[in-house]
Amino acid sequence: MTVLQLFIAALLLLAIPTVVGGLFRRNVDKNLTNLVFQWISGQILLWACFQLICVPMILLDIDFKWVVAVYGALLALASLAALILAARNRKAAGAMTIIRGFDRKKLSTHLVWMVFWGLLAFQLVQAVRMTYRDGDDAFYVAISSITQNAETMYRKLPYTGYTTELDARHGLAPFPIWIAFLAKAMGIRAVSVAHVILPVALIGMTYGIFYLIGGSLLKGKKDVLPVFLIFTELLVLFGDYSFYTVENFMIARSRQGKAALGSIIIPVLLLLLLSLFRQLQEGEDVSLKYYLLLASVGMAGCLCSTMGAILCCVLVGVAGICAAVAFKRWKILIPLALCCLPNVCYSVLYLVFS
Amino acid sequence: MWNVVTTLFREYMGAGLIMIFYLVSLIYLWMREKRKFVRILFVYVPVVLLLLFFNPLFAKILYGLLGDEIYYRMLWLLPVTVTVAYTAASIYGSLSDRNRATFALAAAAAIAVSGSFIYNNQYFQKAENIYHVPDSVVHICDAIAVPGREIQAAFPLEMVQFVRQYDPTICMPYGREVTVDRWNKWSELPDEMEKETIDLSRLAPLAKEEGCHFVIIPEDKTIVGNPAEYHWEVFGRMDGYVIFRDTDYSLLL
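Chains as they are written, first to last, in the numbering used here: chain A, 5 to 358; chain B, 1103 to 1355.
Everything labelled a hint here was simulated from the structure, so no lab data went into it. C-beta atoms are modelled at their ideal positions from N, C-alpha and C, and glycine is treated no differently. Where hints are given, some of them may not hold.
Stated by the list, open to error - Covered stretches of chain A (chain B as the covering partner; in silico rule of three or more C-beta atoms under 8 Å from a C-beta of chain B):
| no. | stretch |
| --- | --- |
| 1 | 15-25 |
| 2 | 153-166 |
| 3 | 242-249 |
| 4 | 262-272 |
| 5 | 288-295 |
| 6 | 326-335 |
Bound-form chain B, shown alone (with noise of 0.2 Å):
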């Protein structure tokens, strides 16, 4: 368990720069801060909290409890952005004016160096449109959403997450959760989805097996067999992906 949780504040502190500002900002409080009140909060309950956090008993608990997937929210209970920031305002308003704008601007300098700049990160896109799902989810889910009832449809993985956010009439044979390999949900029609070819003789069987009125292909993946051969006819094309459906289903209300 100690490993695990020495592992777990291990990957918490990324390269570690913020958190080892964190633990002067501590020592800094705790020689200089004056009032009780402020040292109990910002100085004895983080360590206490981290004692806590390290303690294999503790961890042992409360892995038992939530799961392995979340113990490490317990580090949001150390304030550690008010108590950098705390400290280098208190070294600034300590300072003469003349040497403010250079404590301030060289510890902002520190910050940004020692950080990671949050706008960077790979996940983050700029929106395509007010719904922050991408623009060819909004377009085939209003092209073959039915008003007054749910439709199935089958979505390729890059699409599966958005699908049901933007409209939860449109139901699917399987979501994010194949997405996630530890949990270890994934199932043949996903698998005939994804292959760069696909062969109708196997997706189509699987994709009327789940009830699917439609299903979703990449135009850009060779598909071999005849769709009208499976009643499938091709209902549209639009930003890179055609639009199959099944007319052994009907769409009636």
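Same shape as in the complex, but just chain A (with noise of 0.2 Å):
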């Protein structure tokens, strides 16, 4: 991996997001306006823009390079846009927050910020270093590696190399083409950003969320934000406790879709409601962006995982029920509902292939 490769791949996976996450800096949430929540946000916008882009391509059988082209565009053209929109309106940036923050804090919270960063290294060298062996990247991993080799998207079996019908039910979750995609632009072997670039980028994002959430959660005990941090890195470190929970996903199959639907989709779609019901409750008006990024965050789970369709509509289900009845505000279940009609229509559009 040379370091222009590797230049393009933090263009891509941080830089991009992050300004394009701009656009989502103002009205979402007062309290979300730093430089972590842009670029989560961003690339949230992102994925859910490739899951428009991609699935009908697919299903049309339109060639890879076509979603490489107008992906690559819409990339260059929302990073104009929110760069413009930026220089509009250039008053305090995200990371100034954070370090004005910074240096206000006791000396104990640095050694326990130290202690948070330091684990969270671990966890990053360690995902270069490890290699987890797991027999589904036959498929996932192989998918990437088939459509940037080959041009085409699920025309051909993974397992074996065969030619076969267009296989609609896995394409309507195309996460492997996205990492194929971000291959094609780094110039670098699918399998090597599936395994190792990619999960060094998900697994700080993960982070990047429970900071977020913690930020929400512990508003005023800005001491105390790292020590959540630090609990979260340990219950990560030891959550192998069974086969299937979260963590053991995010950390040992950061590179397939169902992990970023677990570790980086569900826990967006908490920070959002946790906003939403804050919000709801301090009498805020919600923007229009808000229920924007919302139903991002419900496209991007249909891009992860078939499975993101249908868990992002139950737990915005359930959680607006609660809300509407905590709160006595029935109407709220409406700009929810339509949040959700993405993923309805995935659903059906599963049902309809499978």
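Fit the two chains together into the complex; they arrive one by one in their own frames, and the hints show the way.
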């Protein structure tokens, strides 16, 4: 892997999502304005766009090179639009918030933060150093490799390489095609992107979400936030108590869409629902951008896994009904139901093709 | 259905201690958390989700839609990590400076003892290269690949899951699907390939039938029969494997 390839990886997985996430810096939640939120919300929006672009192309049997072209153009346009918006509105960057907050901390808090960063660094190094041999990679990673190599999407059997009818059922959740896009853009094999580059980015993203959730839950208790994060790290590191836990998937199988569903999409959904309920409780108006982001999370869930379409609906539905009862605000169910519409459509398509 | 779901929940819990911490956290938040929006998301919603999970009718519908292998993912909707960490952090925050470190260390130790360290999992190994597939797969694939075309090769079962992740131009007559017993995809060719003594009079015709340009066999296996009789030649030996090339099949573009 060359320096240029690593630079492109940082651009695609860090810089561009953060720039695009600038679109959500205002009007989603007054407490969610920092760079971490920009990074995560930007990546969610880009995943939703990828799902919108890619699935029709898969079903219409269009070559992968067109996905690369259209999604590449979208990345450039979205980045440009976000930069123009940011230039118009230069006040208070998120990074400054983090830096100013950092200066005021006590020495003991610095030490706790150092423990957090140390444990995070350990996990990221392990993601590169260690490999988890999972049989499902023979399906998902092979699809990425085939797509990068043969330009066809879901037209070859990943296990053997034989040509087949369109596998539309798996094609509805084309997370492996997104990996193939990254591999194509970076100019390295999809297998390396899936096993080495992606775990580093996605594990980092999960802790970014935990940081945001912790910030929302522990508002006004900044010295406790790093302790919360260390506990999340310990629960993840010691989360291999069964084969099925989301922590197992997060660390061991980060490159698979279902792992991203469990360790990124569902936590982001929790973050946004927490934000919604706080806004409802404090009588704030919920913006259109908020609902756009919520719908994007649902779409990103569909990209990750076919079950993502259903799980996101279940969580939004249950949480929405609980909130409607608790706050006696039944009207909240209407926009929440609208946000779930794309997921319902994908679920119907899934039933049609399975 | 009730038995199936409870069994699934037990399997998800493992030893069960982390789940007990989670239930204790739920009770703690129910009693101590004052903010309604937090209570809704971290107490009421998980309780409703658990009721849904154990509801035989709901389970039957989701089983019907998605199959029985992935229903456990409903449990991913429970914010176990966040809830336990938040409860521990809240208790930590409510303590005096002197007691904080003691509590943090005790809680960390409790998590460590109750859970299982993920990197101790038997499937974790030190990566051999930047592709995270065995070196032997990389070397053999690089040796047999022909730029510009696909080739067909039969590999030992321990290699099949890695080959097409690394190089999708190498096709195989069977892949990972034969290694999963419940899928019932076993066939004659892998059966012959996996025998301790390889009988070429049986293996070679099967491999030819599948159009294999190459057959890869572990060097420590006994081979019965003369490869030349079947127009096989030794293409190379590497990483403990011998690569046979079937000269009946052309590798020209």
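Do the hints match the structure? See the list:
With 0 residues bearing a CB less than 8 Å from a CB of chain B, the stretch 15-25 of chain A misses the requirement of three and the coverage assertion fails. Given a C-beta distance limit of less than 8 Å, the hint that chain B covers the stretch 153-166 of chain A holds, as 9 residues qualify and 3 suffice. Under a criterion of three residues with beta carbons nearer than 8 Å to beta carbons of chain B, the stated coverage of the stretch 242-249 of chain A is upheld, 8 such residues being counted. Given as covered by chain B, the stretch 262-272 of chain A passes the check, having 5 residues with a CB less than 8 Å from a CB of that chain where 3 are the minimum.
Residues of the stretch 288-295 of chain A with a Cβ under 8 Å from some Cβ of chain B number 0, which does not satisfy the need for three, so the listed coverage is violated. Beta-carbon proximity to chain B at under 8 Å applies to 4 residues in the stretch 326-335 of chain A; the threshold of 3 is reached and the given coverage holds.
The structure shown violates the earlier hints numbered 1 and 5.
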